[in-house]
Amino acid sequence: DAVAEGLLERMKRYDLVFSLGSGCGCSQSLREAELQFASYPFDWVGCPSLQTGVNALTTDFEGWFESSDLKLIDVRREPLSTKCYRNMRTGCLFVHDFPISADFKTLYPSVAERFRRRADRLLGDIGRAHSALGVYVEMPFRAVEPDEDYVKARARLTSRFPESGIDVIVFRNRRGCRTARLREIAPGV
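Its first residue numbered 1, the sequence shown is counted upward by one per residue in the working numbering.
Among these hints, one or two may not hold up.
Restraint-style ranges between C-beta atoms, simulated for each label pair [to be verified]:
1. V144 / R10: 21 to 27 Å
2. G124 / G91: 22 to 28 Å
3. P146 / I73: 23 to 29 Å
Don't read these hints as lab results, they were simulated from the structure.
Backbone N, C-alpha and C fix where the C-beta goes; we use that ideal spot for every residue, glycine too.
Please model the entire structure based on the sequences and the hints provided.
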């Protein structure tokens, strides 16, 4: 529809568009829309809130993926065939990174290195961008965050990256709502 097409055109004007979560669908959609061209830390991770992603970014991902914080919570045989881990400190879910056939202690160092590379890439890309857009997609089974949380999140990001002109867009999943609408709740949000 016209709202979606107009929004997509606005999103294409940013130097950098990246996922802030809350699941892999966000990154997948950005790639399909030709808005994202590199892998970043939140692409295939379930983030419990926008604040979780902002906390990671504003602390340079300090302690974000420590093995001692990860707890096995599920084993998925179809279609992923992976072990699912929850970071007990951040609440993030890692469902794509640990195949059933692999031992956690053996695989953890390479997965941790991959996340570190993605984190360093995102921090560097944000630092080089003149205009950046963080995209967060609310999941239908999670609580909706109040508008003021999104405004605070953007303020924290612009404080951490003052030269990058970061905006935030949130796609809300409203039950029973069949039409898209675009609403600016504050400048840049």
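Checking against the hints above, which ones are violated? Hint check: nothing fails, all pass.
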